[in-house]
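There are 2 protein chains.
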Amino acid sequence: MHDELARTMRMNYLYDFYHSLLTDKQRGYVELYYLEDYSFSEIAETLNVTRQAVYDNLKRTKDLLEDYETNLGMYANFVKRQELYAELKQLLNDKNNDRTTEILDQLESLD
Amino acid sequence: MHDELARTMRMNYLYDFYHSLLTDKQRGYVELYYLEDYSFSEIAETLNVTRQAVYDNLKRTKDLLEDYETNLGMYANFVKRQELYAELKQLLNDKNNDRTTEILDQLESLD
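Residue numbers (the working numbering), protein chains in the order written: chain Z, 1 to 111; chain H, 112 to 222.
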């Protein structure tokens with residue numbers, strides 16, 4: 001269950017970053033399954049297709065989103081940036097030190 | 112000439128961000144023209160194709176890179192981040208103030 005939640009969250013993020021590269025049809029399946037939390041059966045009924053078609057379409061689109069992430073890494077870089085920003089904010093709440101400069105250098109080399 | 116330089120720089124950046132989404136053939140044309148600074152004639156000779164084929168391939172690939180940028184905006188966000196990071200660095204060289212926090216908030220909302 002924990003793994004399933006992690007997978008769902010990951011798909012939500014990948015969809016956020018790359019949805020504009022999907023077709024309307026692919027977007028429809030992902031939105032129903034990952035965002036609206038429909039089951040395969042409910043999607044099959046809604047779209048008037050077989051459960052196998054739902055499974056196949058979701059699998060292909062999930063693979064496509066992972067391919068985009070492998071090639072572009074927008075989500076991975078987003079995660080790294082958020083971590084660095086959080087650390088930077090904490091440091092600025094305390095006081096400036098050498099680590100502040102180090103973080104900013106890391107931020108810049110990420111892009 | 113200034114416009115041509117700006118266009119070449121833009122293509123270099125878009126290529127940096129999105130080259131992994133291009134085919135080997137598309138990459139070949141872009142690298143020869145924008146990175147190696149070959150002329151259409153030199154590329155035609157090198158690849159044993161017509162100048163028109165060179166023009167068509169480069170035009171299509173340039174349009175494709177612009178489409179990716181329209182959809183994903185990685186270059187536009189890169190530019191915005193660099194500006195904010197530069198301003199942030201300057202402020203940290205002086206002293207902390209409210210604008211520091213404002214910049215960090217902007218940084219986070221960009222992603």
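Think of the hints as simulated: they come from the structure by calculation, not from any bench. Errors might be hidden in some of the hints.
What follows is a set of in silico ranges between Cβ atoms, one per label pair, in the way DEER data are often shown [unchecked claim]:
| no. | chain 1 | residue 1 | chain 2 | residue 2 | range |
| --- | --- | --- | --- | --- | --- |
| 1 | Z | I103 | H | A187 | 15 to 25 Å |
| 2 | Z | A86 | H | F189 | 15 to 25 Å |
| 3 | Z | H19 | H | D127 | 43 to 53 Å |
| 4 | Z | K59 | H | T157 | 39 to 49 Å |
| 5 | H | V190 | Z | I103 | 14 to 24 Å |
| 6 | Z | S41 | H | K191 | 39 to 49 Å |
Calculated from the model, a selection of chain Z residues having no Cβ within reach of chain H, i.e. all distances over 12 Å [unchecked claim]:
| no. | residue |
| --- | --- |
| 7 | L58 |
| 8 | G73 |
| 9 | K89 |
DSS-like mimics (lysine-lysine), calculated; alpha carbons at most 30 Å apart, straight line [to be verified]:
| no. | chain 1 | residue 1 | chain 2 | residue 2 |
| --- | --- | --- | --- | --- |
| 10 | H | K170 | H | K200 |
| 11 | Z | K62 | H | K136 |
| 12 | H | K170 | H | K191 |
| 13 | H | K200 | Z | K25 |
| 14 | H | K136 | Z | K59 |
| 15 | Z | K80 | H | K170 |
| 16 | H | K200 | Z | K59 |
| 17 | H | K173 | H | K200 |
| 18 | Z | K62 | H | K200 |
| 19 | Z | K59 | H | K191 |
| 20 | H | K136 | H | K170 |
| 21 | Z | K89 | H | K200 |
| 22 | Z | K89 | H | K191 |
| 23 | Z | K59 | Z | K25 |
| 24 | Z | K62 | Z | K80 |
| 25 | Z | K62 | Z | K25 |
| 26 | Z | K80 | Z | K59 |
Note that beta-carbon positions come from the ideal geometry of N, C-alpha and C, so glycine has one too.
Here is how each hint holds up against the structure:
{"no.": "1", "hint": "Z:I103 to H:A187: 15 to 25 Å", "result": "holds (23 Å)"}
{"no.": "2", "hint": "Z:A86 to H:F189: 15 to 25 Å", "result": "holds (21 Å)"}
{"no.": "3", "hint": "Z:H19 to H:D127: 43 to 53 Å", "result": "violated (23 Å)"}
{"no.": "4", "hint": "Z:K59 to H:T157: 39 to 49 Å", "result": "holds (42 Å)"}
{"no.": "5", "hint": "H:V190 to Z:I103: 14 to 24 Å", "result": "holds (21 Å)"}
{"no.": "6", "hint": "Z:S41 to H:K191: 39 to 49 Å", "result": "holds (44 Å)"}
{"no.": "7", "hint": "L58", "result": "holds (22 Å)"}
{"no.": "8", "hint": "G73", "result": "violated (9 Å)"}
{"no.": "9", "hint": "K89", "result": "violated (6 Å)"}
{"no.": "10", "hint": "H:K170 to H:K200", "result": "violated (39 Å)"}
{"no.": "11", "hint": "Z:K62 to H:K136", "result": "holds (27 Å)"}
{"no.": "12", "hint": "H:K170 to H:K191", "result": "holds (27 Å)"}
{"no.": "13", "hint": "H:K200 to Z:K25", "result": "violated (45 Å)"}
{"no.": "14", "hint": "H:K136 to Z:K59", "result": "holds (29 Å)"}
{"no.": "15", "hint": "Z:K80 to H:K170", "result": "violated (35 Å)"}
{"no.": "16", "hint": "H:K200 to Z:K59", "result": "violated (44 Å)"}
{"no.": "17", "hint": "H:K173 to H:K200", "result": "violated (34 Å)"}
{"no.": "18", "hint": "Z:K62 to H:K200", "result": "violated (39 Å)"}
{"no.": "19", "hint": "Z:K59 to H:K191", "result": "violated (35 Å)"}
{"no.": "20", "hint": "H:K136 to H:K170", "result": "holds (13 Å)"}
{"no.": "21", "hint": "Z:K89 to H:K200", "result": "holds (13 Å)"}
{"no.": "22", "hint": "Z:K89 to H:K191", "result": "holds (19 Å)"}
{"no.": "23", "hint": "Z:K59 to Z:K25", "result": "holds (13 Å)"}
{"no.": "24", "hint": "Z:K62 to Z:K80", "result": "holds (22 Å)"}
{"no.": "25", "hint": "Z:K62 to Z:K25", "result": "holds (13 Å)"}
{"no.": "26", "hint": "Z:K80 to Z:K59", "result": "holds (27 Å)"}
Against the hints set out earlier in the document, violations occur for numbers 3, 8, 9, 10, 13, 15, 16, 17, 18, 19.
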